[in-house]
Amino acid sequence: MKTQRCKGTRDLSPGEMALFRLIEGVFRDACLNWGYKEVRTPTLEYLHLFTSLGTLTPGMLGRVYSFLDWDGWSGERVVLRPDGTIPVARLYIEDMEKEKLAKLFYVANTFIFEATGEKTRERWQCGAELIGVSSPSADVELVMLALEVLQRLQIDGVKLKLSHAGLIRALLARLGLSSEEQARVFDRILDGNIKELSELGLDRTELETLSALLGLKGKSSVFVKSLKALLAPDLAGLQPFIDDLVSVAGLLEALGADYQIDLASVRDFEYYTGAIFQLFKGRDKIGGGGRYDALISLMGGRDTPASGVALYIDRLMELVEPEALAEVKAPGILVRARPEAAKEGFSLVARLHEAGYRAEFNLGAQSKAGFDWMLDVQSKAPKFVLTNKDKKKFEARTIKEVLRLLKR
Amino acid sequence: MNKTDSIKIALPKGRLLAETAARLKEAGWGLDGYKASARLYRIKSRSYPELSAKMFHERDIPVQVAIGNYDLGICGSDWIEELMVKYPSSALIKVGSLRYGQSALYAAVSPSEGMSTLEAVRERSGVVRIASEYPNLAEHFAVNLRLRRFGIFPLWGAAEAYPPESADLALVCGTVEGLADCGLAPVSKVLGVGACLIANRNSWEAKDMKEIVASIYDKTTAREESEPEVIEQYPGRHPRRLKAFPPGGDGDIVRLALPDGHQQSPTFDLLAKSGIGLDDYPSPTGNRRPATDLAGVTIKVIRPQDMPLQVASGNFDLAITGRDWLCEHLYQFPTSPVKELADLKSGRVKIVAVVSNDLPVADASDLRKFSAGRTVPLRVASEYVNIADKYARDNHLGSYRVVPTWGATEAFLPEDADLLIENTETGRTIARHNLRIVDIIFESTACLIGSRRRVTNAVKRERIEAIIRALQTGVKLN
Numbered sequence: 001m002k003t004q005r006c007k008g009t010r011d012l013s014p015g016e017m018a019l020f021r022l023i024e025g026v027f028r029d030a031c032l033n034w035g036y037k038e039v040r041t042p043t044l045e046y047l048h049l050f051t052s053l054g055t056l057t058p059g060m061l062g063r064v065y066s067f068l069d070w071d072g073w074s075g076e077r078v079v080l081r082p083d084g085t086i087p088v089a090r091l092y093i094e095d096m097e098k099e100k101l102a103k104l105f106y107v108a109n110t111f112i113f114e115a116t117g118e119k120t121r122e123r124w125q126c127g128a129e130l131i132g133v134s135s136p137s138a139d140v141e142l143v144m145l146a147l148e149v150l151q152r153l154q155i156d157g158v159k160l161k162l163s164h165a166g167l168i169r170a171l172l173a174r175l176g177l178s179s180e181e182q183a184r185v186f187d188r189i190l191d192g193n194i195k196e197l198s199e200l201g202l203d204r205t206e207l208e209t210l211s212a213l214l215g216l217k218g219k220s221s222v223f224v225k226s227l228k229a230l231l232a233p234d235l236a237g238l239q240p241f242i243d244d245l246v247s248v249a250g251l252l253e254a255l256g257a258d259y260q261i262d263l264a265s266v267r268d269f270e271y272y273t274g275a276i277f278q279l280f281k282g283r284d285k286i287g288g289g290g291r292y293d294a295l296i297s298l299m300g301g302r303d304t305p306a307s308g309v310a311l312y313i314d315r316l317m318e319l320v321e322p323e324a325l326a327e328v329k330a331p332g333i334l335v336r337a338r339p340e341a342a343k344e345g346f347s348l349v350a351r352l353h354e355a356g357y358r359a360e361f362n363l364g365a366q367s368k369a370g371f372d373w374m375l376d377v378q379s380k381a382p383k384f385v386l387t388n389k390d391k392k393k394f395e396a397r398t399i400k401e402v403l404r405l406l407k408r
Numbered sequence: 001m002n003k004t005d006s007i008k009i010a011l012p013k014g015r016l017l018a019e020t021a022a023r024l025k026e027a028g029w030g031l032d033g034y035k036a037s038a039r040l041y042r043i044k045s046r047s048y049p050e051l052s053a054k055m056f057h058e059r060d061i062p063v064q065v066a067i068g069n070y071d072l073g074i075c076g077s078d079w080i081e082e083l084m085v086k087y088p089s090s091a092l093i094k095v096g097s098l099r100y101g102q103s104a105l106y107a108a109v110s111p112s113e114g115m116s117t118l119e120a121v122r123e124r125s126g127v128v129r130i131a132s133e134y135p136n137l138a139e140h141f142a143v144n145l146r147l148r149r150f151g152i153f154p155l156w157g158a159a160e161a162y163p164p165e166s167a168d169l170a171l172v173c174g175t176v177e178g179l180a181d182c183g184l185a186p187v188s189k190v191l192g193v194g195a196c197l198i199a200n201r202n203s204w205e206a207k208d209m210k211e212i213v214a215s216i217y218d219k220t221t222a223r224e225e226s227e228p229e230v231i232e233q234y235p236g237r238h239p240r241r242l243k244a245f246p247p248g249g250d251g252d253i254v255r256l257a258l259p260d261g262h263q264q265s266p267t268f269d270l271l272a273k274s275g276i277g278l279d280d281y282p283s284p285t286g287n288r289r290p291a292t293d294l295a296g297v298t299i300k301v302i303r304p305q306d307m308p309l310q311v312a313s314g315n316f317d318l319a320i321t322g323r324d325w326l327c328e329h330l331y332q333f334p335t336s337p338v339k340e341l342a343d344l345k346s347g348r349v350k351i352v353a354v355v356s357n358d359l360p361v362a363d364a365s366d367l368r369k370f371s372a373g374r375t376v377p378l379r380v381a382s383e384y385v386n387i388a389d390k391y392a393r394d395n396h397l398g399s400y401r402v403v404p405t406w407g408a409t410e411a412f413l414p415e416d417a418d419l420l421i422e423n424t425e426t427g428r429t430i431a432r433h434n435l436r437i438v439d440i441i442f443e444s445t446a447c448l449i450g451s452r453r454r455v456t457n458a459v460k461r462e463r464i465e466a467i468i469r470a471l472q473t474g475v476k477l478n
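Residue numbers (my numbering), protein chains in the order written: chain A, 1 to 408; chain B, 1 to 478.
Some clues are possibly wrong.
[Claimed, not checked] Here are some, though not all, of the chain A residues that point toward chain B, as calculated from beta-carbon distances under 10 Å:
1. Leu-61
2. Ser-66
3. Leu-68
4. Glu-76
5. Phe-111
6. Phe-113
7. Ala-115
8. Thr-116
9. Gly-117
10. Ala-183
11. Leu-298
Quick caveat, the hints were computed from the structure, so don't treat them as lab data.
Each residue gets a CB set at the ideal place from its N, CA and C atoms; glycine is no exception.
Next up, chain A with everything else stripped away, as it sits in the complex:
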């Protein structure tokens, strides 16, 4: 049979879907416990939401699914949502701007073209956005929320990398790059092409300092020491960003979270202004987020600080062991009604569902293996016969009796 599925897309089988729902459920529970509320935004958005300066890099925009809608005669395009945060920011501006604090979460698919079609072009993520607070505690809360979800999913050995968009931009400015050059270098960093920085026509000293800065790694105390060593003792202009990064890192350290500062660890999104965090399992990035204080005002809203985090469900599905998390299932009952007793059979299934059991109407094709009980229904007495896995039989005259027997 030839594959008819679109290149770069995937189906989720019943087994994978169960895993998906499990991850989604753990994420939802954690968010609700932290006081976040769920939202859902449309798959289709106007492209201009994403082309505004400071939202997505040209590298990302070159891979979005944009097209003319049925009423696109003005030439303005729509796009299949390439990112989860920007639509939520739009929703906030349109419907919730009166709320000083908005703690929102979502589970959504995003669409980005990938040329080989080997990686999926439709990606699922679950994310949380904390809008209205600018303190380092807000960033730390989002990291802790993400780590809690990963812990509940029993995913161990997660590495947390921290960076800071404000600090990178300030460093680029300090190197004496023009604003145009700064934007180009930042785009390269975001697109993951630091190796190609040499093509940008910077002079050698600039390039060496920049490479050294982007190569800086370590815990906050080590990081600040190396930064001072690289830039002589003078950190003027950088101090507020360093302080911000150090307070986020310090709080995470105090909470026992394992992290590393790695300035070059930023990707794709140009809207970040402050701390950026990325979560890795081995070499795979499984989530990330950061502070985007300028995004809402750039999109036409009021000046509102915000930060967010997202976990990549497709990646998590590869890491979660479903058996380890299997819930205790309600007992399963296969209701086998004789043709003349079909009506009673269906009523019985409904009653069993009400009582909290898993029950299926026998269509002749189900395997007995998935059930704890067989329940035969006929029009004459004994109306109901229950058979357990040991083939022991129990008779009942009414549904009430059936329920009583099952409880035993």
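Keeping the supplied structure of chain A fixed, place chain B upon it in accordance with the hints.
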């Protein structure tokens, strides 16, 4: 590798034809039929028995080579980039530049508008309107320029006529002098353009085309495409001053679009009979802003294909186009405010479904059966992609693929497409190509189109109504 594999090459009509023919003559290909006056588009080589060629509109060539209908192709690098910038995984490789047909793709503005630098374009508030025959390159340009908000008008031609009133920016292929003649100044060179040899990636790997390629392609001619660069302002000649053409729909001036190309003389005759005098239309010098004796009316000459979109977006109040292009527009944009205001009854053509005489298909129901029996998608070639798409949907053609074309679609059958959606006046061209009409989709005549939106200015409303009345009188006399 098999030396006896047949090799097919797609060759350009139009701007690159003369130089390409000269180069192939030098290379000794013996393609005698490859000339501007050719009436048959299929050509055999006298020197290479395995080689055959077909002539295409240049814009069709990268698509035809990418989908594997042709092994090789020669066309301008602008059309290659236009395809590759949107579809980077196309099975197309650039064999090399041929070092002729040099020009450039410029982003240009009308300096009278006060937006004479890229910076000024970027800082502009609201939607930046970009008109171009290269919509994919235009989008790429806008994204890289970090324009906050932009709208692209994909055009069939005459992009140079759009700024400043009908677009803020035009992406146009040409020279700085040529742009200045149209009253435009370049703000950025988007792409260096020149003739290129391209190949289908699978053919390139599977077939031995070395000898044929080597005969025209000298390795030393390979040159890097130049990067986009900001060019000097107004180099050379100062742009020509344009006659004022009022932007926006609020004033009392009526903005009328008239067709270029072969629709010009019937349109001129009709307008004359309607008592509307025109100066310099059709224009021997290519002037796209003819004068009229109608008070409160300004005129611009653009492609009829582009008119419905222009009326929809409010750039024009009235336009004379064909019902075929109005339908094409409305099928793509069902909520568009454009409507037909008057049937001008001239330029009558039928929009038809056409197959090769070799196919056992006589009508639409045969077509459905034929399509259902195939293991590969039916290839539907048309200039009218939305009409073709709707026809295929309405007739349940199952698995099909619409191949957009830019002219002389009848040459696509039978080898490069299975079904055409075409216009025909007499059916003679279709018969000459050994093709058969299997369905008449609708009849199209010239029509006056306008917007459904209410015109609030009373003077303007009266002027529009007067033009409609005049044209209706002209139609009766015609």
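Next on the checklist: Name the hints, by number, that the structure is in violation of.
Outcome noted: 5
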